[in-house]
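**Q** Now for the letters of each chain:
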Amino acid sequence: MAVMAMCALLIAVFSVWLPGFFSFGNLFALARNISILGILALGMAVVVIGRGLDLSQVASLAASTAIAIILMNAGLATPLALAVGFLLAIAIGVMNGFLISVVEMPPLLTTLASSLAVLGVTRTTAVQHYVVYLAKGHDDFLKLGGNVWGGAPAPLLVFLVMAALVHLLLSRTVLGRFIYAHGDNPEAARLSGLPTRPLTMVEYGLSAAIGYVGGVVMISETALMHLQVAESTLIFDVIMVVVLGGVSLVGGRGNVMSVLVGTLLIGVLLNGMTIMDMDVQTQNIIKGIVLLIAIGLDSYLHPRDEETSKQGD
Amino acid sequence: MGMKAIVSCGLAASFLALASPAFAPAKAAEAREQLREQFDKAVKGKTVAWAPVWLGVLESEWTRVMKNHFDDYGIKLEVRDANFKSDVQLQAVSALINEHPDVLIVQNPNVTLLAKELKRAMQAGIYVVQVNMASNTLTDAYVGVDAKDLGRKLAHNIIGDCGGGKGSGEVSILEGEATAAYSLDMKNGALEVFKSDPSIKVVSSQPTSWDANKAGEITATVLQQHPNLCAILSVWGPQAAGAAQAIKAAGKAGKAKIYVASDGQPADCDLLEQGAFYRNLSYRADTQGEAIVNAVLALLQSGDKPGSKRIAYYTTPAWVNSKEDRMYCFTVPKIAK
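Protein chains in written order, with this note's numbering: chain Z, 1 to 313; chain L, 1 to 337.
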């Protein structure tokens, strides 16, 4: 709620002060820019609601889309190449879930380590120079990164469709209820007969699969995959969006709406600062302050209690 | 046995020389052999340590050329890939100095990170060569582009196409990492030139962290605010690919033109030929690799104390305008892939 108010305030301020902010064109540009972040955040939200964390999401999407590009360049039909990448991403996610639930390793370290492993293997075997370009002749695929009718960016539509799907999954299906129960109290969930181990694998598989969709949008926008994205701050931006929107790291709380609001706040902020052509240092200062205010307001409105607080939160 | 054989050979030859005056005098042959001996003495068995920022396309090409030559001369090459992590690179360089190679080659991620270590290396008697990205500490040799001059050259070219009423005069700059000397110098060089022409307006100058997606996002926003944008100056190729897609998505293909400072990687020429880039100011990594080798050879044979000279080997860039200029992009040999 606080975040939504903050967001509305920012939009109002920018609309008045920044000529050219409140126009269809710019709002579409803004929407285009946050679509990928938003899609990734949807996947992350699933894991976080189930009281987990997936630091390997970006690495896994980078690796699997890079392989999809290589297959496409080698002449494999686009849908087939994308499907191979999709399965690969899911495999990485399920493997994370297996290590976390069956081997019982902590999610933070497991996914941190697996992201390094995935990236290393990809680099030594397939993408030695870190950047892989999509060859000429995939114009149909690149339309995914373009605009549809009325100038609306296609990535935005992908984001909205994904948001609707994840919303339905979380709020209308048994699996969704299970994920909330799992995050709210894993022990109680297990004792009441929920298959928590397979459930964990499904959660991480979903995070990787949804992340992969974001990755596909990414390559359709740039026609290349630069593996370095896995080592950028993107993964932290994703977590930031999720937490900012109100998907608590303690699990069991938040929904797709929270992700949308969190994404919007970051998007508006970045867009406004780019229009003002601010230098990086100022951008970082403002980003930090806005985040602190938003989180501060949130913990004032929703005080931590014994049930929800945890070490490091 | 070498010398003796040569002398007796020479005696025999002088007899023969009576019969054939064209036969080379023995003394000259000796001098030539001495040159090689002197060369081998100076370089054979020496160790060269190489710490790049990471092993990307450009760096791999340098490494390939270096290895090729050094293998031939009997020089040992030790490579430490820091994979874009500055703490790892700093550690690698410190460790390399302690191993005491004869020459240390570094590519600086920014102007300060390695400054102290490079000084320490020279004090320890190691020749230091810097490649393409210079540090605040000057060392025995610098091999690479003059980034500021690249910026100036690109800016002059943009003014020619966009200034003086020929275009809107609106220019956007895509930087790399904001603190990288390479990016910073190029931007400053370009701004210096742009300021001299009142018809040019730099509407945006943002760092992309070398990321194509970020470059695409910035370009999408800038194009919204400045639909008449005439030129985008990008300090690096792969990130500009993202901007090219954003231009296409905004329906501005052919109107907003991309000018790239290219390290000559094949994809940059591909993108230019596809019309995604308008002009590349390109330098070739393979010839740069040879310049690095030459700098190392010169230092090893100089007999100078490390740290006593400051030699620069500036790379001359060339414009890539069309398919005809393909030679300014290098080709990676199949085996090296």
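Don't read these hints as lab results, they were simulated from the structure.
For clarity, every value in this text was computed on a predicted model and none was experimentally measured.
We put the CB at the ideal spot given by N, CA and C, even for glycine.
Any given hint could turn out to be false.
[Stated by the list, open to error] In silico DSS-like pairs for lysine-lysine, Cα to Cα no more than 27 Å straight-line: (1) L:Lys323 - L:Lys166; (2) L:Lys76 - Z:Lys143; (3) Z:Lys143 - L:Lys255; (4) L:Lys323 - Z:Lys287; (5) L:Lys252 - Z:Lys136.
[Claimed, not checked] Residues from chain Z shown here face chain L by an in silico Cβ test under 7 Å; the list is partial: (6) Arg32; (7) Thr124; (8) Thr125.
**Q** Now look at each hint and say whether the structure bears it out.
**A** Each hint tested on the structure:
| no. | hint | verdict |
| --- | --- | --- |
| 1 | L:Lys323 - L:Lys166 | holds (25 Å) |
| 2 | L:Lys76 - Z:Lys143 | violated (50 Å) |
| 3 | Z:Lys143 - L:Lys255 | holds (20 Å) |
| 4 | L:Lys323 - Z:Lys287 | violated (44 Å) |
| 5 | L:Lys252 - Z:Lys136 | holds (20 Å) |
| 6 | Arg32 | holds (6 Å) |
| 7 | Thr124 | violated (11 Å) |
| 8 | Thr125 | violated (12 Å) |
This entry does not satisfy hints 2, 4, 7 and 8, going by the numbered hints stated previously.
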